[in-house]
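On the provided structure of chain A, position chain B as indicated by the hints.
Just so you know, the protein sequences line up as chains A and B, in that order.
Counting in numbering that gives the first Met the number 0, the final residue of the first sequence is number 456, and the numbers go up one at a time with none missing.
Counting in numbering that gives the first Met the number 0, the final residue of the second sequence is number 456, and the numbers go up one at a time with none missing.
Since the hints were derived computationally from the structure, they do not count as laboratory data.
Be a bit skeptical, because a hint or two may be false.
Identical chains share a label here; the pair holds if one copy fits it or two copies do between them.
Said to hold, decoys possible - Simulated crosslink set (DSS-like; lysine-lysine; CA at most 27 Å straight-line):
| hint | residue 1 | residue 2 |
| --- | --- | --- |
| 1 | K279 | K340 |
| 2 | K341 | K314 |
| 3 | K314 | K340 |
| 4 | K314 | K279 |
| 5 | K274 | K314 |
| 6 | K77 | K340 |
| 7 | K341 | K111 |
| 8 | K279 | K341 |
| 9 | K111 | K78 |
| 10 | K274 | K111 |
| 11 | K77 | K279 |
| 12 | K77 | K341 |
| 13 | K78 | K274 |
| 14 | K341 | K274 |
| 15 | K78 | K279 |
| 16 | K78 | K340 |
Number of protein chains: 2
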Amino acid sequence: MNDVLSYLDSHREQQLTELQELLSIASVSTDPDRAADVRSCASWLEAHLLRIGMPTVRVYDTDGHPIVYAEDLRAGAKKPTVLFYGHYDVQPVDPIDLWSAPPFSPTIRDNKIYARGATDDKGQVFLHIKAIEAMLAVDGSLPVNVKMIIEGEEEIGSPNLAPFVASHTDLLSCNCIVVSDTSMFAPGIPSLVYGLRGLCYVQIDVQGPNRDLHSGSYGGAVQNPLNALVTILASLKDEHGHVQIEGFYDNVLPLDDEERASLAALGYSDERLLKDVNVKELFGEQGFTTIERLGARPTLDVNGMVGGFTGEGAKTVLPARAMAKVSMRLVPHQSYEDITKKITAHIHRVAPPGVTVTVTDLHGADPVIVPRSTPAMHAAVRALEETFNERCRFAREGGSIPVVLLFDTVLRSPTVLMGFGLNNENAHSPDEHFDLGNFYAGMKAAVRFYTYAAEMV
Amino acid sequence: MNDVLSYLDSHREQQLTELQELLSIASVSTDPDRAADVRSCASWLEAHLLRIGMPTVRVYDTDGHPIVYAEDLRAGAKKPTVLFYGHYDVQPVDPIDLWSAPPFSPTIRDNKIYARGATDDKGQVFLHIKAIEAMLAVDGSLPVNVKMIIEGEEEIGSPNLAPFVASHTDLLSCNCIVVSDTSMFAPGIPSLVYGLRGLCYVQIDVQGPNRDLHSGSYGGAVQNPLNALVTILASLKDEHGHVQIEGFYDNVLPLDDEERASLAALGYSDERLLKDVNVKELFGEQGFTTIERLGARPTLDVNGMVGGFTGEGAKTVLPARAMAKVSMRLVPHQSYEDITKKITAHIHRVAPPGVTVTVTDLHGADPVIVPRSTPAMHAAVRALEETFNERCRFAREGGSIPVVLLFDTVLRSPTVLMGFGLNNENAHSPDEHFDLGNFYAGMKAAVRFYTYAAEMV
Numbered sequence: 000m001n002d003v004l005s006y007l008d009s010h011r012e013q014q015l016t017e018l019q020e021l022l023s024i025a026s027v028s029t030d031p032d033r034a035a036d037v038r039s040c041a042s043w044l045e046a047h048l049l050r051i052g053m054p055t056v057r058v059y060d061t062d063g064h065p066i067v068y069a070e071d072l073r074a075g076a077k078k079p080t081v082l083f084y085g086h087y088d089v090q091p092v093d094p095i096d097l098w099s100a101p102p103f104s105p106t107i108r109d110n111k112i113y114a115r116g117a118t119d120d121k122g123q124v125f126l127h128i129k130a131i132e133a134m135l136a137v138d139g140s141l142p143v144n145v146k147m148i149i150e151g152e153e154e155i156g157s158p159n160l161a162p163f164v165a166s167h168t169d170l171l172s173c174n175c176i177v178v179s180d181t182s183m184f185a186p187g188i189p190s191l192v193y194g195l196r197g198l199c200y201v202q203i204d205v206q207g208p209n210r211d212l213h214s215g216s217y218g219g220a221v222q223n224p225l226n227a228l229v230t231i232l233a234s235l236k237d238e239h240g241h242v243q244i245e246g247f248y249d250n251v252l253p254l255d256d257e258e259r260a261s262l263a264a265l266g267y268s269d270e271r272l273l274k275d276v277n278v279k280e281l282f283g284e285q286g287f288t289t290i291e292r293l294g295a296r297p298t299l300d301v302n303g304m305v306g307g308f309t310g311e312g313a314k315t316v317l318p319a320r321a322m323a324k325v326s327m328r329l330v331p332h333q334s335y336e337d338i339t340k341k342i343t344a345h346i347h348r349v350a351p352p353g354v355t356v357t358v359t360d361l362h363g364a365d366p367v368i369v370p371r372s373t374p375a376m377h378a379a380v381r382a383l384e385e386t387f388n389e390r391c392r393f394a395r396e397g398g399s400i401p402v403v404l405l406f407d408t409v410l411r412s413p414t415v416l417m418g419f420g421l422n423n424e425n426a427h428s429p430d431e432h433f434d435l436g437n438f439y440a441g442m443k444a445a446v447r448f449y450t451y452a453a454e455m456v
Numbered sequence: 000m001n002d003v004l005s006y007l008d009s010h011r012e013q014q015l016t017e018l019q020e021l022l023s024i025a026s027v028s029t030d031p032d033r034a035a036d037v038r039s040c041a042s043w044l045e046a047h048l049l050r051i052g053m054p055t056v057r058v059y060d061t062d063g064h065p066i067v068y069a070e071d072l073r074a075g076a077k078k079p080t081v082l083f084y085g086h087y088d089v090q091p092v093d094p095i096d097l098w099s100a101p102p103f104s105p106t107i108r109d110n111k112i113y114a115r116g117a118t119d120d121k122g123q124v125f126l127h128i129k130a131i132e133a134m135l136a137v138d139g140s141l142p143v144n145v146k147m148i149i150e151g152e153e154e155i156g157s158p159n160l161a162p163f164v165a166s167h168t169d170l171l172s173c174n175c176i177v178v179s180d181t182s183m184f185a186p187g188i189p190s191l192v193y194g195l196r197g198l199c200y201v202q203i204d205v206q207g208p209n210r211d212l213h214s215g216s217y218g219g220a221v222q223n224p225l226n227a228l229v230t231i232l233a234s235l236k237d238e239h240g241h242v243q244i245e246g247f248y249d250n251v252l253p254l255d256d257e258e259r260a261s262l263a264a265l266g267y268s269d270e271r272l273l274k275d276v277n278v279k280e281l282f283g284e285q286g287f288t289t290i291e292r293l294g295a296r297p298t299l300d301v302n303g304m305v306g307g308f309t310g311e312g313a314k315t316v317l318p319a320r321a322m323a324k325v326s327m328r329l330v331p332h333q334s335y336e337d338i339t340k341k342i343t344a345h346i347h348r349v350a351p352p353g354v355t356v357t358v359t360d361l362h363g364a365d366p367v368i369v370p371r372s373t374p375a376m377h378a379a380v381r382a383l384e385e386t387f388n389e390r391c392r393f394a395r396e397g398g399s400i401p402v403v404l405l406f407d408t409v410l411r412s413p414t415v416l417m418g419f420g421l422n423n424e425n426a427h428s429p430d431e432h433f434d435l436g437n438f439y440a441g442m443k444a445a446v447r448f449y450t451y452a453a454e455m456v
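Here chain A stands alone, though its shape is the one from the complex (with noise of 0.2 Å):
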C-alpha cells in the first residue's frame, strides 16, 4: 500500500489539471440549457474512468441526465464489493456576481480550489477514482470488487435513481456502499455521519375574502388570513421551541446515554456557531445539547411565508390570502407519512374560523440511521485515523440525502458516509471550494478504505 500512498503523493500536479478540467465542465442539472454541457460531463467521466483501466464503464441514459457506471469485479467472488456512490453535476451558480472568479474557471488560491461543484460532489468523486486509478497503476488489481455508481441528478432531487436501482438491484448488489458527500467534524478531525434527517414540507395557504380588502373598512369584522395564519404557525412551537403537534415526538428515538456522551465527546463549539452565524445566543429545544438539537432531535422551520402589502411605506390591506412553507427534519423513527398526517391535523384543528386552510404534502424523506458497528465501517474508521493521525467523530448531521435511504431499503446493505469537505465551503453558494489538503488525504483514506474493506467478510 505505501507504493500505492508514493504514487498519489508523486502525481498530485496530474490530480490537479484532470480536476480542475472536469471542474470547468456547467454541468447544472437544473438548468435545461446545460443539458448538453451535463452530457459530456457524463462522457468525460466515462473516458477518464476507461482511461485508469476499469474494465467495465457504461454511461445509461435515464427520462433526465445519465447515470455513469463503472466496475471492477476482477478481485474475485471472494472478495467482498464495495458500491461508490456520487453526483456529477453541480448546483446553480447564482447569485453569479458574488464570484471572486468564474466558477467554471477553477483556480487555486490559498491551498484551495474554488469552482462550483469542488466540494459538492465532484472533487469528492473524483478523489475516489484518482485512489482506484492509483491501486490499478500500482498493484495492477483492486483489493475489492469495486462498483462505482456516479449519477447527474443529486441536486435537483435524484428522480431517476430509485426507477433505476430498483431495475437493477443485482447490477449494484454489494457488501456495502460507500459515499463521499458530507462534511469532515471540523478542520484535521475526520468524521462518518452515522444518522441523516428526514423531511416533512408541507405549504399552508389560508383563503379569506375574496379580494384584498381596505383594513379600515372592513378590519375588525372580517377574519384576516395573516391574522389567522401567524396564529396557526405560532402554534407549532412552545417558547422553548419544543414542537406541539399532538403525538410529534411519540416514535422519537430517545438518546441514550452512550450516544450523548460520544455525541459530547464531539467537542461541538457553541461559541464557533454563534461566530458563524452572528447571532447573541442559540436556541433550540430545552434539555439538549446544540449538537443534540441538530442531529438527534426533530424541528420545525417556518421556511418561507407571503401576503398582503411588502413594498415600501404603509398600505392599510385586509389581504384576501396568505401562504406559508413550514418544514420539520424527522429522526427515527419518526415516519414522514405520519408526520405530515399529524401537522395537517394539527393544523386544521387551531384554524380559526372565517378562513379556508388547505395543507399541502410538498416532499418528505424518512429519516436514517446507519448502524456503526458495521465491519464496513470498521474499515473506515481504520482508514480516516490511520490518515488524519486524529481520532475519527461519529457524527449526525441535520441535512438529508434521500438516497441512504433508497440504497438501504433496496439494495440492504450498509452505508458509510466518509465525506472530505468542510462545512464552510459554500457547496451551494458562491465561491464554493475544496481544501487540497482533504483532497489529497482523502485519496490516502480512499485506497486504504478500499484496501481494509477486503477484510469485510
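Below, chain B alone, put in the same frame as chain A:
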C-alpha cells in the same frame, strides 16, 4: 329655493357634459408624469369657478400640486361662513386591463358615470359647484358666505395641506366645514359620518443569522426569524380577536346605550357583508355587533408579511430575516402616539431570544369624532331628509380622513361629512363610477344645506 332646484333639473345635460370634461383630466397625483394633468385640472376648476360667478378664485402653488381656493363672502358678516373641502386629484388606474372602458373617457351606463375620480372625489366636488352655480344664477347671491378649498394631493396623504391650513387660518376661518367624500349608508339611505377611526401603522423587522442558512444543517440550534415573527404577531390578539397589548383599551370611549341603539337602528346586514366578501362566517371582537366593531372599536390587522422562500416547491431555508407590517385602527380617545409606544413595548417584551427585532413607526393619525348635535349637523340632516325622503342615519366609518382632524384642531370648526358615494362604487379600483341619481340628488341636498346653514348662528 324651488326655482334653484328647478334650475338644477333643467340643466342636467350641461352638468353631465361638464362633469365628463372634468373627469377626462388624468389628475393622478402620485404619478410624476401626470403633474401637468394635475395642474391643468386645477386650472380647469379655476376657470369654471370664475365662470359660475365666484368673485374670488385663486390657485395656490405648493411644494407639490396646487390648491384651488374660491370664496363668495357677499352674504356679509352677519351670515355664517361654510368652508367646503374636496379634492380634485385621483387614484392611479392600475390594473388598467380590468377597466371596461378607458378610465379617462367617461362613459354612462345604467344611470352611472364610469371614470377614475367619478365618486372619489370629482363627482362629489362638482355637485357642490353646480349647487352654487344654480343659487348664483337664480338668486344672484348665496344664502351664506362660502369658501371652497379643493386640493390636489388627497390621494397621496395631503402633504402640503397642513402647512397651508396652518398659515392661512384667517383665510379659512369659518363656522363649519362640509366635506362630501364619504359614502351613504346604503342606496337611498342618506347618512352623516360622525366618527372616523385613527391609525397606527408599524413595520416589524426581525434579523436572525447573518445569511440564509440551510434548515437541515442549522435548524434546531439557531432561532428562525419567521418563527420568531409569527410568535410576536400571534401574541398581539387572542383567539376572540381581542387585542392583547397592555393598556390598548385604556382610553377607548365606551359605547353608551344611546349610541349602541342608534348603530343598531341602522339595520346593518351581516348577510350582505358575508355575501360581499364571500366568507362563511364573520370574525371579530366578542360582545360587539359588526357595525360596532367596524366603526366604534379599535382593531389590529397584519397588512403584509414576507420572509424566506416563497416560490414554487420546497426550499429548506432558515431565513436571515423576516418582516411584517401591522396596523391598528384607533377610536376616541386612543392616541396614535400612545398606541405606537404601547405596541413597540409589547413587541420588544415578547420577542423571542436569538433575534434582533426593530419596530418602525410608518404612519399614524388620531381618531376623530364630531359632535352630532351642532347646528351644522342639523342643517345637513334636514337637507338630506328632505332630499331623499328617508331618515338620515349617523354612521361611524372604519377608515381615517386625516384632514378632518386637521380642520378640527387648526380651524376649530365642526366638520359635516355628507357623502353621496356608495360603498360599491370602486373608489380605488377599476371601473370606478358614481350613481347619477345620487349626483342629481346631491346637488339638491347641497343647495338645501347651504340654505339651512344660513340659520346656524
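Here is how each hint holds up against the structure:
| no. | hint | in the structure |
| --- | --- | --- |
| 1 | K279 to K340 | between (36 Å within a copy, 26 Å between copies) |
| 2 | K341 to K314 | between (37 Å within a copy, 21 Å between copies) |
| 3 | K314 to K340 | between (37 Å within a copy, 20 Å between copies) |
| 4 | K314 to K279 | between (33 Å within a copy, 26 Å between copies) |
| 5 | K274 to K314 | between (38 Å within a copy, 25 Å between copies) |
| 6 | K77 to K340 | neither (47 Å within a copy, 79 Å between copies) |
| 7 | K341 to K111 | neither (46 Å within a copy, 53 Å between copies) |
| 8 | K279 to K341 | between (34 Å within a copy, 26 Å between copies) |
| 9 | K111 to K78 | neither (37 Å within a copy, 90 Å between copies) |
| 10 | K274 to K111 | within (22 Å within a copy, 65 Å between copies) |
| 11 | K77 to K279 | neither (57 Å within a copy, 71 Å between copies) |
| 12 | K77 to K341 | neither (48 Å within a copy, 77 Å between copies) |
| 13 | K78 to K274 | neither (48 Å within a copy, 76 Å between copies) |
| 14 | K341 to K274 | neither (36 Å within a copy, 34 Å between copies) |
| 15 | K78 to K279 | neither (54 Å within a copy, 70 Å between copies) |
| 16 | K78 to K340 | neither (45 Å within a copy, 75 Å between copies) |
Comparing the model with each earlier hint shows violations of hints 6, 7, 9, 11, 12, 13, 14, 15 and 16; every other hint is respected.
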